[in-house]
Amino acid sequence: MAIDVLAEILTNRALSADYNVVEFAAPDLARLAEPGQFVMVKTSLGNDPLLRRPFSIFEILRDATGQPRGVSILNKRVGVGTNLIYSTKPGDRLNVLGPLGQPWPRQTADEHWMVAGGVGLAPFVTLAETLAKTNARMRLFYGGRSASDLYYASLFETLGATLVLTTEDGSQGEKGRVTAPLERALSARGTTNVTLYTCGPTPMMRAVATLGAAHHCQTFVSLEQVMGCGMGGCYSCVVQVNDHATPHFVRSCIEGPVFDASRIIWDALVH
Amino acid sequence: MAIDVLAEILTNRALSADYNVVEFAAPDLARLAEPGQFVMVKTSLGNDPLLRRPFSIFEILRDATGQPRGVSILNKRVGVGTNLIYSTKPGDRLNVLGPLGQPWPRQTADEHWMVAGGVGLAPFVTLAETLAKTNARMRLFYGGRSASDLYYASLFETLGATLVLTTEDGSQGEKGRVTAPLERALSARGTTNVTLYTCGPTPMMRAVATLGAAHHCQTFVSLEQVMGCGMGGCYSCVVQVNDHATPHFVRSCIEGPVFDASRIIWDALVH
Amino acid sequence: MARDLSVQIGSLSLKNPIIAASGCFGYGLEYAGSLDIGALGGVASKGLFLNAREGHAPPRIVETPSGMLNAIGLQGIGVHRYISEKLPELRRLGVTNIVNVCGTTIDEYCEVSRALTDAEGVHAIELNISCPNIKEGGIQFGCIQESTYAVVSAVRKATTLPLIPKLTPNVTDVASFARQCEDAGADGVSLVNTFLAMAIDIETRRPKLTNGMGGLSGPAIRPIAVRMVYECAQAVKIPIIGMGGITCAEDVIEFIIAGAAAVQVGTANFVDPFVWNKLIDGLTSYMERHDIARITDLTNTMTKGK
Amino acid sequence: MARDLSVQIGSLSLKNPIIAASGCFGYGLEYAGSLDIGALGGVASKGLFLNAREGHAPPRIVETPSGMLNAIGLQGIGVHRYISEKLPELRRLGVTNIVNVCGTTIDEYCEVSRALTDAEGVHAIELNISCPNIKEGGIQFGCIQESTYAVVSAVRKATTLPLIPKLTPNVTDVASFARQCEDAGADGVSLVNTFLAMAIDIETRRPKLTNGMGGLSGPAIRPIAVRMVYECAQAVKIPIIGMGGITCAEDVIEFIIAGAAAVQVGTANFVDPFVWNKLIDGLTSYMERHDIARITDLTNTMTKGK
Ligand SMILES: Cc1cc2nc3c(=O)[nH]c(=O)nc-3n(C[C@H](O)[C@H](O)[C@H](O)COP(=O)(O)OP(=O)(O)OC[C@H]3O[C@@H](n4cnc5c(N)ncnc54)[C@H](O)[C@@H]3O)c2cc1C
Ligand SMILES: Cc1cc2nc3c(=O)[nH]c(=O)nc-3n(C[C@H](O)[C@H](O)[C@H](O)COP(=O)(O)OP(=O)(O)OC[C@H]3O[C@@H](n4cnc5c(N)ncnc54)[C@H](O)[C@@H]3O)c2cc1C
Ligand SMILES: Cc1cc2nc3c(=O)[nH]c(=O)nc-3n(C[C@H](O)[C@H](O)[C@H](O)COP(=O)(O)O)c2cc1C
Ligand SMILES: Cc1cc2nc3c(=O)[nH]c(=O)nc-3n(C[C@H](O)[C@H](O)[C@H](O)COP(=O)(O)O)c2cc1C
Ligand code: FES
Ligand code: FES
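Residue numbers (my numbering), protein chains in the order written: chain A, 1 to 271; chain B, 1 to 271; chain C, 1 to 306; chain D, 1 to 306.
Simulated from the structure, these hints should not be mistaken for lab results.
Source: prediction; values computed, not measured.
Keeping only pairs whose Cα atoms sit at most 27 Å apart, straight-line, the calculated BS3-like set for lysine-lysine is:
1. D:K237 <-> D:K157
2. A:K76 <-> B:K89
3. C:K157 <-> C:K237
4. B:K76 <-> B:K89
5. A:K89 <-> B:K89
6. D:K15 <-> D:K237
7. A:K89 <-> A:K76
8. D:K304 <-> D:K237
9. A:K89 <-> B:K76
Please construct the entire structure, taking both the sequences and the accompanying hints into account.
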């Protein structure tokens, strides 16, 4: 079940010239949300821009007693809608529809390794919080262009995750792509049963899926297709999967955004 | 000459649930402005609403040394654009195009009587300031639905204008329409040479024009037609005038908004 | 006083004039978890061919000013799986089902229509002769008057269900197509389908949609759609289902005044899947304010001129 | 490297491809106090008949989502006053004048065109066979292929000026009309004029425009206009002037890639009368970024498919 909330913006915290975190007051929506689900945000009042924009639920906000009071999103400016979200002010109200989509599935592996690139970090806070409750062993492989692109790493540390950071310019962590330390770690893991979770640029996710398959790890990806409705109504968000004899399109808003990586026909994936 | 300024909003002062005053930083525009001119404000960033909205220049804002630093508008919520303006915040930026249109003409009458209804007060502050500089004798006939609709009356008093207030519910000044005291004053004025200036609802302006004609007073009206461009480009804002043998349409954005009332064919006027 | 929102289109009874537009509401069931889809006037299904179709490769949509382009390519499960997998649940939920029928040949249109006529729970057929997004069928029937007449009269013989051809706006004189439908025995017409349109990525110099062109829908097209509904209402006596850019009750009322007996809402559902109650409530309060007892009293009531 | 923005349409030379659209820039002089109108690629005048016209009673425009309707009704001073009162000053300012010619009969089109041919300072004729807002002329020539051919070939004989018929989008197959113009000897075609459309005041149940219907322009129509320009570019060899909803340099580039040699900008000028420099600057920097030496190298360069 999804609900639509004309949600007040509680805070808008700029992390950089491109990234910000917006907190919405939306207790009912927050109560329903599961890790990895997303919301559709209407970024303007009028008809232009017309369609909502999909965002992972970044954090479930809680009051002093632990009750859900809202959700936040981690926003990266890439176009008109994300620009509008970047420039919102506390007190503004935007329509937030959710929670939508399939959450990260619950896994019973020995270790849970999250692999995030850039704004692909968004769906992992809720996952890490849930895993932390079961004292599961977690690692976060987190890559960005430079140190200033790596946000919230310490939050994951607090939740008990081991951090493996990489930057393309070497300004923090290992220099290079996040898949390099991932591959080494997979090779070194011995008999430890590891589940991989990944979100980020498509080439990164594809590389993680390939590594996961090569190392026989269950691998989940959270895809980011262009979405018109987020509810299964428009058939815009399809990805090609290979479950049946012939490849076919499924709607990533209701069958996803989280998919078992082995289903995805990567060559057919846009973005 | 008109210029377009992406003007920062300095203050947004709500006068009531429907009226507010917005101050824009726009020194160059303010320097060019003459009493009775207007600006075209783009009320949104995107394409919806698409067109700018016309507003009288309410005040010329000046710094401590008397230099123009911007303009304000007196805004009344009636639809989508005026609603957006009502809800702007300081620091927001909107495009303001102006100054546009013909100003109130300079007159050498013994007395200058301004007749305003509701938001029709807007073009009179600049007129009163200009008249005040010449120590001209002024009256402001100002009508509203109730006391809470009459704003800025004291400003006019400060500028030396005699106030004649009316409200439909009698909560301030005389009960009834503003044209009643106006008619009495006209009848009582003796040989004093009076120029009338009016802005407000069309029926009011029409009544003032009729009174002005009956009492042989030069009468100017500031009309508020729907305007697409404000610069003479679209021919949307026409009013029918009778200067020539046959009635014909002239563009109120460039021949007006201020007209000699005797030119207007009132029966053809919308709004 | 209770307001009568019911509408009759041939033998099709709608409890209210607000229908979910084809292709914009999945098969309906996608929304059943979040709202009471049986409360809608009707649900127009996604376009159905005889067989399943994969549709076009994404990107399938692109946003435009106050509108969107789509080139879904009629991905769908085919009529038989619709009947076996979707209809039972739709029936259980009390949905008024208006099935959008596609075909690449007149025979296919007839065969799909026959299958639906034999099924339980189908209330009407909306004949899609106007999809701009597939080459092999649809729109070519909708752009030539003789073809429109031919396909509508053939399907008329194949079904006893209320038959509502859906017209394309991509023609010079839409009213003449409505007349062909009326002459061929249609119970009503629906319009408009989307406007053939295009957006180009200036960096790659390729169309933004994989399919090249797409159909424009949403508020952007509303003024053209209202004009077309008005023109059809002057031309035919059968009821008209109007659509194109409806987002709020005021828009619904505008279409009804222009000549529509009922309306469909497509793109607005993407923006607000809970729009339905707002439309119905807004319509009711307008009727109260204007003392209109039956919504049918509002249809085609525009006064011309000043 | 300097970028070459110049464009040739028959014997009409434009210094750059950005033209002010007819009816959206007065006679040009309205803007001369605020900007250098001689720097534009060209100015398409307000539509001119032989005689002066009063136009329709207001309201003449109404805003719609990302667009506007207009029914100005071609208020204008007539061709002779244009020649005597406007042309001298336009000439002095170095304006490239593309005069939009209207008529209620073929004879009138020819007579207006002859007068302009004899005048000094007219650079081209844009033949308005597409105004949706007047009953007695214009659009009926633009909606029937034979009539289009007839009026264009008649005016072709009446003038030596570059002749550019302006097409209406209110037809099934706009490219076939472009072909008629080419066959009749036109030097280019311009498109699109506005889409016939309507908005109804639901409180009064009257059209919002006094005239009833009006023409839709602005960003809302852009994707349809781009598609139509593309279709024409596949169908004719003469240059195309594209328009419909252009607001920024990216939009200009989109039309050029779709097949336009030059573009016109109408509604956007209402929103931003200083849009012109932004368009020209944006175009130049795109050409620099993509290493395009001549803007003509960009015309009709869309790659189909993936
Ligand atoms: C399930 C899901 C979760 C997401 N979570 C986040 C998140 O937590 N934080 C975040 O910043 N972004 C997230 N995104 C991506 C985000 O939705 C897009 O960046 C946003 O829609 C772009 O809107 P815009 O108006 O700024 O861009 P536009 O101006 O519309 O387009 C700019 C560019 O972004 C691309 N784009 C447009 N729409 C989408 C879309 N729906 N998905 C992906 N790319 C798009 C366009 O192709 C174009 O290249 C998520 C997307 C999905 C599908
Ligand atoms: C020269 C001039 C000076 C003006 N000065 C002021 C001023 O100082 N303060 C102020 O509050 N208002 C002023 N107005 C009126 C103001 O422009 C309109 O109220 C505003 O454009 C309405 O925009 P909207 O989007 O809120 O309304 P919409 O949602 O567009 O329409 C709501 C209603 O307002 C009417 N309307 C729409 N546009 C106009 C328009 N351009 N002019 C008049 N009525 C319109 C519509 O017909 C409709 O009934 C002035 C108008 C003109 C022409
Ligand atoms: C994504 C999408 C898919 C559509 N699919 C169909 C379809 O399968 N059959 C059909 O007749 N119309 C289809 N349409 C057209 C709509 O039913 C409707 O006619 C059009 O979108 C105009 O209405 P709107 O502006 O309310 O969306 C589709 C429209 C969209 C946006
Ligand atoms: C107010 C207005 C008046 C117009 N008058 C004319 C005209 O006189 N002659 C003509 O050929 N087109 C006229 N047009 C159409 C425009 O030239 C142009 O074709 C159309 O508006 C689409 O471009 P746009 O979206 O950039 O405005 C007019 C358009 C508007 C909005
Ligand atoms: S976004 Fe509409 S079906 Fe997935
Ligand atoms: S508002 Fe455009 S001509 Fe006056």
